[in-house]
Structure formats: structure tokens, C-alpha cells
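Colleague: Sequence:
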Amino acid sequence: GEADGFLAAPRDYYSDDTGMVALAFNSSTPIVYYNAEMFEAAGLDQPDPDWNFSDFLDACEAIEASGVQFCATFGTVGWFFEQILANSGGLYFNNDNGRTARATEVEFNKGQGVEVFDFLTGLIADGHAPNLGNTWSDTDSVFFAGEAAMIFDSTSGARGFQDNADFEVKTAFIPHSDSSERNGVVIGGAALWLIDSGDDATNQAAWDFMRYMTLADQQITWHTGTGYFPVIASLQDAPTPELSTFWDENPNFVTAIDQLATTRTVNDDGSPNYAVLGGRAGPFPEIRRIIVEAYSAVLDGGSTPQEALDEAAERANEALAGYNAFFDG
16 GEADGFLAAP RDYYSDDTGM VALAFNSSTP IVYYNAEMFE AAGLDQPDPD WNFSDFLDAC
76 EAIEASGVQF CATFGTVGWF FEQILANSGG LYFNNDNGRT ARATEVEFNK GQGVEVFDFL
136 TGLIADGHAP NLGNTWSDTD SVFFAGEAAM IFDSTSGARG FQDNADFEVK TAFIPHSDSS
196 ERNGVVIGGA ALWLIDSGDD ATNQAAWDFM RYMTLADQQI TWHTGTGYFP VIASLQDAPT
256 PELSTFWDEN PNFVTAIDQL ATTRTVNDDG SPNYAVLGGR AGPFPEIRRI IVEAYSAVLD
316 GGSTPQEALD EAAERANEAL AGYNAFFDG
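Residue 125 in our numbering sits at position 110 of the sequence shown, with consecutive numbering throughout.
To be clear, the hints were calculated from the coordinates, so they are not data collected in a lab.
C-beta atoms are modelled at their ideal positions from N, C-alpha and C, and glycine is treated no differently.
Worth double-checking, as some hints may not be accurate.
[Unchecked claim] Label pairs and their calculated CB-CB ranges: (1) Asp232 with Asp325: 43 to 53 Å; (2) Glu264 with Gly213: 24 to 34 Å; (3) Gln84 with Asp343: 46 to 56 Å; (4) Thr119 with Ala276: 47 to 57 Å; (5) Leu209 with Pro300: 39 to 49 Å; (6) Ala160 with Glu76: 17 to 27 Å; (7) Ala140 with Gln251: 36 to 46 Å; (8) Ser212 with Lys125: 39 to 49 Å; (9) Ile210 with Asp73: 25 to 35 Å.
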């Protein structure tokens, strides 16, 4: 029914065994924006979609050798860790990322999680990126000022990056760990949720508005004005002439679409790839804040990435237990 017209990734992210529980609307993924002039000066080409941490660090070396202060910048938000972990095939939570049963423990302090956190904290600790903390705006300032050649950010910023930089901005996929294959990305952004107002007419009007926002015209206006990608499949399968022209002229807006379209949502054996379906857990916002503090533990407190993630896992598991207790009583 309603879910049929949606792209598989946003549809599946917002679905449980009853179907879609929210209408995907402002869906985004993380991408790398880069200063094309700095890449050229460093003798670098467009990064390969399949690039790993070593490839990224090789680019850093070339960029810094050409005289740029920082090769990259990113805020120590929880989201980039989560996304690069998914791209590296790692689970955030147990029970198939909380999708086949309620999550009871995090998995991010094992295997891929440690490799990913080591890479991200290492970029800052080794001086490849400034230590700006849990921010989105300060990293933008560094990038626009020409102090860093790359920035991890959301596709939702494509319009802003393109319009506000006084240099040519290009885009690339996010990297994955050296020990993994590329898996792809998890849906970010948000969705439209219908809350029962207690009044049928109000509920119907809200639903009509939600449906209206997912129609092609509104999706095109929203996509071209921001960088959030269209969530309806028809626009990607058969774009309108207006949208095709826009994509030809603005390739940065296509990167996110390609990165998602090539995400491996199903494993070779036909089973779901739960890493890129994304984690599901009640206290997720709190756990993301715990990851922000884990960055500080490494960068300001002298912990190793493993120690910081172990401590974060302990706190996250307590949050999960507290949340799950609501349902077990």
C-alpha cells in the first residue's frame, strides 16, 4: 500500500513487522565535501567510492604536503561514528541492530567499532583535523575559510556548501575500515509521524498533508533547495526533465543518491544486511551523547579508543536496561 512508492532504504528504516510506522520525508546520509582546488593542487583525483581509511590518510598526506593546514574537519557528533561503522559492516547493537529483538547491549566496542573510532579520534589526535568538539557550525567555518580540504557533513547541506563556498566544492562517499568491504550508509534525517489528535478530521487533514509532502513536486522543491534526497522511487527511476537537468548541472546532489543506491542492503546469502539497516533502540539519543563523551575521553582525557568505547558501552547498556525495564514489568 502506502509504502510501495518509497525507496527501499527509507521505507525499511521506518518499518517494523506491521509496516511503515512513519513517512520518510527529510532523509539524508553523510558525505564528504571537499575543496576541489585543494585536491587538484595536491595532485589528487576524485576519491574512489570504495575508499578505505588508508586511502583517506594517503590523501591527507598529499593535502598537508601541499601546504593546507588540516586535511579534514568534522564534529565529534555520534552520527559519523555510527555511519562509518555501518559502512564497515559493523553492528551498533546486538539482536541484529535491535531489529529482530529489542537491543539489550551495544556492539560498538568490538571489532569494527574500535577500528572506526581509532581512525576518527586519530585524525584529530594526529593533527589531520582540528579538535572542535561536538559541533556542526564550527567545522563549516574551518572548511569555508580554506583551512581544511575535506569535511564530513550531511547531504542536507549540499545547497549551503555549494552556495556559500568561494571555491569549487565537490562530494565523495564516506570511507570504510581497512579490514572491511564497503557496505554503504544508513538513513539519517527524519520522518513525518502522525500522532492521534483524538479528532478524526484533524487526523485526516494531517495525513493528507503528509501525503502531499511526499508527492513529486514537493519532493523536487525540497531536494533542490537543500540536498535531502527524494524519498520516492519514481523520481530516481524516471526523473522529470526538470530534475534531470538539475542533476546534470549539480552533480553534488547526486552523490548521496548514488551512495544510497549502491548500499548493500542484502547480504550475498539473501539475508538482510543489518549493519546498514541502522540501529533501533529507545535510548538512542542518549547513547549518541555518550559517544560524544567517548571522543573527549580519548582526545582530552588520555583514554585509548578501546577504553573509551568500553566505558561508553557500559553506560549505554545501562541506558538500554533502564529503557527495556519499561516493557518487562
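Colleague: Quick check: which numbered hints come out false for this structure?
Modeller: 2, 4, 5 and 9
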